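Enquirer: Position chain B against the provided structure of chain A, taking the given hints into account.
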Amino acid sequence: MSFIEVPNGQDPLLKIEKTEATASEQKAEEKDTKKPEQKEMKEQLRKPKEELHQGARNGVEQRIAAHNVRLTALQNQKDRHDTDVATLKRRADEKKEHLKDTDLAADLVTDTATAMQAPEGKTKPGPVEIPEGEDRQETKQEQMLAKGVDQTKAPEKNVNPEIAQAQVAALEQADVRTEQNTEVADTKAAQKTESADSARGVGTNQAGGQIA
Amino acid sequence: MATQDPQTQIPQPPLISLGEDVYNQIMGQIEPELTTSVVKMLKEKYKDETPEQAKARAVRYSAAFAEYDKQYQDYKLNLERGLRHFQKGLGDHFEHKNRNDEAGTMSTIEAAFSQA
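Protein sequence lines correspond, in order, to chains A and B. Quick note on my numbering: the first sequence kicks off at 1 and runs consecutively. Quick note on my numbering: the second sequence kicks off at 1 and runs consecutively.
Extracted from the complex, chain B is given alone in its bound form:
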C-alpha cells in the first residue's frame, strides 16, 4: 500500500460513539451483567437468590463500577488526544496546501521584479 504524504491528505476525525455504546463497550469487558440489555433482567434472574449471594453480588457490582470509571477516564484521555492530533493535522494540511499554491505565483512575481 503506497504511503501518502500526511500533509497532502486531509486527516480523518476520531469516531465519537454515543453514551450507551461507549458504556456497553467498556462494561461488557468488565461485568456483562451490568450492560444495558442485561441489567433490566436481574430481578427475574436472581429471584431465588439467598441473602449471602445477593451481598456477594453487590460487592462484585461495586468493584465493576469502580473499574469502569477508571477505564472510562483512559478512554476520555485517548479521545481528547486523538482530537488534538486531528486539529493539528488539519491545520498543517491547510498550511502546506496554501504554501504550495503560493510558491509558483510568488516566484513569477519575484522574477518579474528582478527583470524590471
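Just chain A, same shape as in the assembly:
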C-alpha cells in the first residue's frame, strides 16, 4: 500500500480501494494487448518455417524437372541414332547384294577367258568316213550356216565373245566337212568312171580297140 495524500474531508480507505481497482484494470488492459502480440509472434515464427518447407519442395521439383528435360533431349538423340543404325544396316545389306552380283560377273569373266583360250589348243578333226550308199546328210552346223551365218563375213562386232567364238568354231568345222565330202564325192566319181570304162573295154584288146 503506497502512501497517498488524502484531500481534506475524504476517507483514506476509499483512496486505497481506488488504487487497487486501478491496478487490476491495468492488468486486464495488459492482458488484452498481449493476445495480438502473441499471435503476431506465432505468425512470425510460423512464416519462416513455412517458407523454408515451401522452398525445399520447390528446390526438389526444379531439380527433378531439369533432369527430365535432359532425359527427353537424350531420348530424342537416341531415336535419331536408332534411325542412323537402321540406315547403316540397310546399306550394308544392299552392298552385300551388289557384291554377290559382282562375284557372279567375276565367274563369268573367268569362264569366258577359259573359253577364249581353248580353241588354240584344238587340232582339226580327221577325215570322216561315210558308208557307201548312204546319203550324206546335212550336218547341224551346215543347217545353221544355211540359216543365216555367211561364211564370208567376219563375226559381228558387239556380240558376246562366247557366242562369236562358237560361230568361228562352227565355220571351221563346216569348212573341214566340205573338204572331206568333196574328196569322197570325187573318189566315188572316179570309181564310177573306171568301172564304166572297163565295161566299154577301154584300155583292152578284146573289142579290137586301142590299148592306151
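The reader is advised that the hints may include incorrect statements.
With a Cα cut of at most 27 Å, we get these calculated DSS-like pairs of lysine-lysine [claimed, not checked]:
no., chain 1, residue 1, chain 2, residue 2
1, B, K88, A, K42
2, A, K47, A, K35
3, B, K70, A, K35
4, B, K55, A, K49
5, A, K35, A, K49
6, A, K27, A, K42
7, A, K100, B, K97
8, B, K88, A, K89
9, A, K49, A, K34
10, B, K88, B, K76
11, A, K49, B, K43
12, A, K78, B, K55
13, A, K47, B, K40
14, A, K39, A, K27
15, A, K100, A, K89
16, A, K39, B, K45
17, B, K76, A, K78
18, B, K76, A, K42
19, B, K43, B, K55
20, A, K89, A, K78
21, B, K76, A, K95
22, A, K47, A, K34
23, A, K95, B, K88
24, B, K40, B, K55
25, A, K78, B, K70
26, A, K89, B, K97
27, B, K70, B, K40
28, A, K49, A, K39
29, B, K55, B, K70
30, B, K76, A, K39
31, A, K47, B, K47
32, B, K45, B, K55
33, B, K70, A, K39
To be clear, the hints were calculated from the coordinates, so they are not data collected in a lab. Owing to the predicted nature of the structure, the values given are computational and were not obtained by experimental measurement.
Expert: Using the frame of chain A, we list chain B on its own:
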C-alpha cells in the same frame, strides 16, 4: 570369364534413369530429409521447432542443394561420356562386321580377275 573381342559384340547403351530417381539417388547421400518421400513430412516433423533451429535447418538445406547441383553436373558429364563411348563402339562394331563380310567376297573377285 572368357573375354570377347569388343568389336564383335554390340555395346550396351548406358542406363538413363528418370528425374526423380536420379535426384533421390544423389540427394539421399547428401541430405536424406530433402528426398521426395521425406520433404512432404517436414512440416509435421518440425512443428515444435524453435526459430533458431529453423534457421539452422535452412542453412543446412541451402548447402545440401548446392552440393547436389555440383554432384549432378558430374553425373551429367559421366552420362554424356558414356553415351559418346556407346555411339563410337556401335560404329566400330558395324564397321568391323562389314569389313569381315566383304573380305571373303573381295578376295574371290580379285582371284577371278587375276586368273582372267
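Enquirer: All the hints need checking, so say for each whether the structure fits it.
Expert: Do the hints match the structure? See the list:
1. Proximity of K88 of chain B to K42 of chain A is assessed by CA-CA distance (about 62 Å); at most 27 Å being required, the pair is judged violated.
2. At roughly 18 Å between alpha-carbon atoms, K47 of chain A and K35 of chain A fall within 27 Å of each other, so this suggested pair holds.
3. Simply put, K70 of chain B and K35 of chain A have alpha-carbon atoms about 47 Å apart, too far for the 27 Å limit, and the pair is violated.
4. A threshold of 27 Å between alpha carbons decides the hint, and for K55 of chain B with K49 of chain A the separation of about 8 Å falls inside it, so the pair holds.
5. Restraint check for K35 of chain A and K49 of chain A: satisfied, since their Cα atoms lie roughly 22 Å apart, inside the 27 Å limit.
6. Restraint check for K27 of chain A and K42 of chain A: the C-alpha separation of about 22 Å stays at or below 27 Å, so the hint holds.
7. Using a Cα cut-off of 27 Å, the hinted pair K100 of chain A and K97 of chain B holds, with the two alpha carbons roughly 17 Å apart.
8. Using a Cα cut-off of 27 Å, the hinted pair K88 of chain B and K89 of chain A holds, with the two alpha carbons roughly 16 Å apart.
9. For the suggested pair K49 of chain A and K34 of chain A, the alpha carbons sit about 23 Å apart, so the restraint of at most 27 Å is met.
10. With a C-alpha separation of about 18 Å, the suggested pairing of K88 of chain B with K76 of chain B holds against the 27 Å cut-off.
11. The hinted pair formed by K49 of chain A and K43 of chain B meets the criterion: a straight-line CA distance of about 8 Å does not exceed 27 Å.
12. Proposed proximity of K78 of chain A and K55 of chain B is contradicted: the alpha carbons are some 45 Å apart, above 27 Å.
13. Straight-line distance between C-alpha atoms of K47 of chain A and K40 of chain B comes to about 17 Å, which keeps the hinted pair within the 27 Å bound.
14. Note on K39 of chain A and K27 of chain A: the hinted pairing holds, with a Cα-Cα distance of about 19 Å set against a maximum of 27 Å.
15. The straight-line distance between the Cα atoms of K100 of chain A and K89 of chain A is roughly 17 Å, inside the 27 Å bound, and the hint therefore holds.
16. At roughly 22 Å between alpha-carbon atoms, K39 of chain A and K45 of chain B fall within 27 Å of each other, so this suggested pair holds.
17. Restraint check for K76 of chain B and K78 of chain A: the C-alpha separation of about 16 Å stays at or below 27 Å, so the hint holds.
18. For the hint linking K76 of chain B to K42 of chain A, the alpha-carbon distance of about 44 Å lies beyond 27 Å, and the restraint is violated.
19. Of the supplied pair hints, the one linking K43 of chain B and K55 of chain B holds, its CA atoms being roughly 14 Å apart against a limit of 27 Å.
20. Under the criterion of a C-alpha separation no larger than 27 Å, the hint pairing K89 of chain A with K78 of chain A is consistent with the structure, at around 16 Å.
21. Taken as a hint, the K76 of chain B and K95 of chain A pair is broken in the structure, with Cα atoms around 39 Å apart against an allowance of 27 Å.
22. With a CA separation close to 20 Å, the supplied pair K47 of chain A and K34 of chain A stays within the 27 Å bound.
23. About 22 Å separates the Cα atoms of K95 of chain A and K88 of chain B, which keeps this hinted pair within 27 Å; it holds.
24. For the given pair, K40 of chain B sits about 19 Å from K55 of chain B by alpha-carbon distance, which is consistent with the 27 Å threshold.
25. At most 27 Å may separate the alpha-carbon atoms for a hinted pair to count; K78 of chain A and K70 of chain B meet this at roughly 26 Å.
26. The hinted pair formed by K89 of chain A and K97 of chain B meets the criterion: a straight-line CA distance of about 11 Å does not exceed 27 Å.
27. With a CA separation close to 24 Å, the supplied pair K70 of chain B and K40 of chain B stays within the 27 Å bound.
28. For the hint pairing K49 of chain A with K39 of chain A, the CA-to-CA distance comes to about 16 Å; that is within 27 Å, so the pair holds.
29. Proposed proximity of K55 of chain B and K70 of chain B is supported: the alpha carbons are some 23 Å apart, at most 27 Å.
30. Between the alpha carbons of K76 of chain B and K39 of chain A the distance comes to roughly 48 Å, so the proposed pair goes past 27 Å and is violated.
31. Restraint check for K47 of chain A and K47 of chain B: the C-alpha separation of about 12 Å stays at or below 27 Å, so the hint holds.
32. Among the hinted pairs, K45 of chain B with K55 of chain B is consistent with the structure: their alpha-carbon atoms are about 15 Å apart, no more than 27 Å.
33. Restraint check: the Cα-Cα separation between K70 of chain B and K39 of chain A comes to about 41 Å, which exceeds 27 Å; the hinted pair is violated.
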